[in-house]
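Q: Read off the chains here:
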Amino acid sequence: MANPKPEELVQIQYRTPPAGWMNPAVEFRKGTFCYSALAKNLKYLGLPNPREWQPFDADWKLPPDWKRIILEGMRERLKKYRSFRLFMEICVRCGACADKCHFYIGSGDPKNMPVLRAELLRSVYRRYFTLSGRLFGSLAGARDLTEDVIKEWFYYFHQCTECRRCSVFCPYGIDTAEITMIARELLNLIGCNINWVLEPAANCFRTGNHLGIQPHGFKDSLDFAVDELEELTGVRVDASINRKGAEILFIVPSADYFATPHYYTFLGYLALLHEIGLDYTFSAFASEGGNFGLFNSHEMMKRLNAKVYAEAKRLGVKWILGGECGHMWRVLHQYMDTMNGPADFLQEPVSPVTGTRFENARTTKMVHICEFTADLIHSGKLRLDPARNDRWNVTFHDSCNPARAMGLLEEPRYILRNVCRRFHEMPENTIREQTFCCGSGSGLGTDENFEMRMRGGLPRANAVKYVRDKHGVNLLACICAIDKATLPPLLEYWAPGVDVAGIHELVGNALVMRGEKERSTDLRGEPIGEMEAAHA
Amino acid sequence: MKKPFAALIAVAAIALVAGVASRVDGLKPWLAIVAPYGALAVLLMGLSWRVVRWSLAPVPFRIPTVCGQEKSLPWIKASALESPWSTRGVVARMGLEILLFRSLFRNTRSRLDPGPRLIYGEARWLWLGAMAFHWSLLVILLRHLRFVVQPAPRLATFLESVDGFFQIGVPVLYATDIVFVAALLYLLQRRLRDPQVRFISLFTDYFALFLLLGIALSGVWMRYFARVDAVAVKQLALSLTIFSPAVPKNLNAWFFAHLALVCALAAYLPFSKLMHLGGVFLSPTRNLANDNRMRRHVNPWNYPVKVHTYEEWEDEFREKMEAAGLPVERH
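Here the protein sequences come in this chain order: G and B. Take the first sequence: its position 225, counting from 1, is numbered 225 in the working numbering, and each next residue is one higher. If you count the second sequence from 1, you need to add 536 to reach the working numbering.
Heads up, a few of these hints could be off.
Claimed, not checked - Some but not every residue of chain B turned toward chain G, in silico, with C-beta under 10 Å:
1) R559
2) S591
3) P594
4) P610
5) F637
6) L723
7) L728
8) K785
9) T821
10) T845
11) E852
Hints were generated in silico from the structure; no laboratory data involved. Heads up, the beta-carbon is just placed ideally off N, CA and C, and yes, glycines get one too.
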């Protein structure tokens, strides 16, 4: 079946069915859900109930005691997470979150209102864990846990990208990401997970990265990049893998060295780190900064993240530098030290080029490349020619996690203003802490989920369209690997004519390197254009 | 319309039963003594039970929702309120949240226009309604102190004089009475008229609103129209506070209805969403600093997990690595 056209998709009805929301029945319509995880991936990771099944099957082949497993899982998590218990109990259903969710805005489905998404779980919580729910049932907002409820959970908790935008607006800070994470953990206990999360997780556990690239493949890819960069710039850079004694371990999302347009950002990193003479190494074991475990369970997150500190210790580096990636930084910033620290074998990060001490990373010992580069530029250590990016008229998309988990707002903007000459912000309700998700985060960026991705991405794309039409913007810069993979098709769909690039691609373009040949092309191998006449 | 109607009936029934029962002398002690003590006991025990249970649940991860620039490089201005990195900043952020409903103030309303074009308009009415409701409730509660403390505390008399500043009518009309009822009516009509909000509303959402509205209206009625004997009310309240309860004769049915609704609210509170009054202080997305990489956060139940070690990894790929010229630990 062909994908629906934008004109059709945008006919969104924000209607509420008269029968209310307690009926859990959902229709698994092609284009609006992700396929189940393959048994081999569950087996490799040692997860429960590996089997052949699909969401549209009538029989999900749940384990016989699935209900007990779910309720026990809830009981355990209510004890372990104050957030979970609190968020089950204090919502007043004021509805402030309702139209803050990109999936609600793009689908009009009331169960995509964050409040209702949480109620899907809360109703079961009330039924089995509160007195009023046991006594008064639906009058108290309680629902029985049935197989249909499990299917409904699977559907709607895979229509949340854990972007946390609703949590910005909630008067109690109720965070749907937290609820979705717990709900997915519960589903995981009875083997209801999606392949787009578990295949990368299984790959990552085995090879070190989501794409399943083996060490020699990483080496090939890196060698190829070094050759290509030499062709483009005339400068041959050094780049090593698994080199003991390097000062810094550099970890990037694997898409950076294997996917487009991520790859141009990767070239940008190589050029920059060579130019400043940084003593760094990549690792083929810790060849992934991203962590799809985050989209599966806290335990899987910890299992996949463990390699970062382990490898830093084995290689004997002083500290760790991290590339452009969104959810990767949620894990590194908010979870890594707690889960796999303390990193007492590392040193407080100091930029060897500028001497700047990154005090904000003094215990985790991992610095974001945008923090690192902003410091280089501010200290005057880089020669930049922003005119080389003149063919681009740039806007910046704050990726959910660097924005709402870290507060990394100014660093990328500072870099952009120094490496390109035309920069326009999108409307203020769509950037910074209010930024809209690409619609494909948290493991939902798969082709079979195309319609729902286009719906979820509508608010983001619509803001891009606004600056495209108003200022002639033709490039969306971002610092997230999932963004770079999923924004191009999204913009092609809703706002054609806008390309997607990483910040460090633009840095690499603007960077004047010692010994470089006269640059006629940018890192994409395309001619460095003149500034186009501004759009009317 | 079933849910709001049922909630209205439930609240009316409480008031009616209390009003009628107050006509029977033998039942008065139940309404004036047993119910207040019982409700207070349930409130205190329920509240502490809920708060203790929340506090006992650990906060395994530091997960603030960051709403401003992080503290990073010294020349970038960090947002102490929206991305606090110190206890002071967190206290200030929580203060804004609890006293001024900061997050609700951000509220917007989205609209999809042809084009398509998404518009985000300001939507501050909910914030205004919530502020008006909560702050007038606080003032009203404090004003009531004059019934349970002898002599009336300065704060209560001061609030009374400010609240009755306009000196309209006898007894003097309190501004907060009007604001309180107006805010409740706004919140109620919003819940009934906004299709999305009506859709998410449960019986309990209407019940809480009608209960508060019932309390407000019965209170207003007995103060301004049914003219309850305030001295008798104070006698009863004081006798309850010194645990030698005595029910004065001249209390009317409106007072008993008012009291019964208050008791119902107090006893219902620990089992309801109204517990947000305690929960808001504990929300981990708001009351934690964004200092994750500066200060280590410890998870009390952190446990070892099965990982894929470097050795296992190298064992699988050693030959390929050596062929590609990558360094290995063991040959």
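Q: If a hint holds in the structure, say so; if it doesn't, say that too.
A: Verification of the hints:
1. R559: Nearest chain G Cβ about 31 Å off; hint violated.
2. S591: The hint holds - B:S591 has a Cβ within 10 Å of chain G, the shortest such distance being about 8 Å.
3. P594: 6 Å, holds
4. P610: The hint holds - B:P610 has a Cβ within 10 Å of chain G, the shortest such distance being about 8 Å.
5. F637: 6 Å, holds
6. L723: 9 Å, holds
7. L728: Cβ of B:L728 sits 12 Å from chain G, so the hint is violated.
8. K785: Result: violated, 38 Å to nearest chain G Cβ.
9. T821: Holds - the Cβ of B:T821 comes within 10 Å of chain G, reaching about 4 Å at its closest.
10. T845: 7 Å, holds
11. E852: 8 Å, holds
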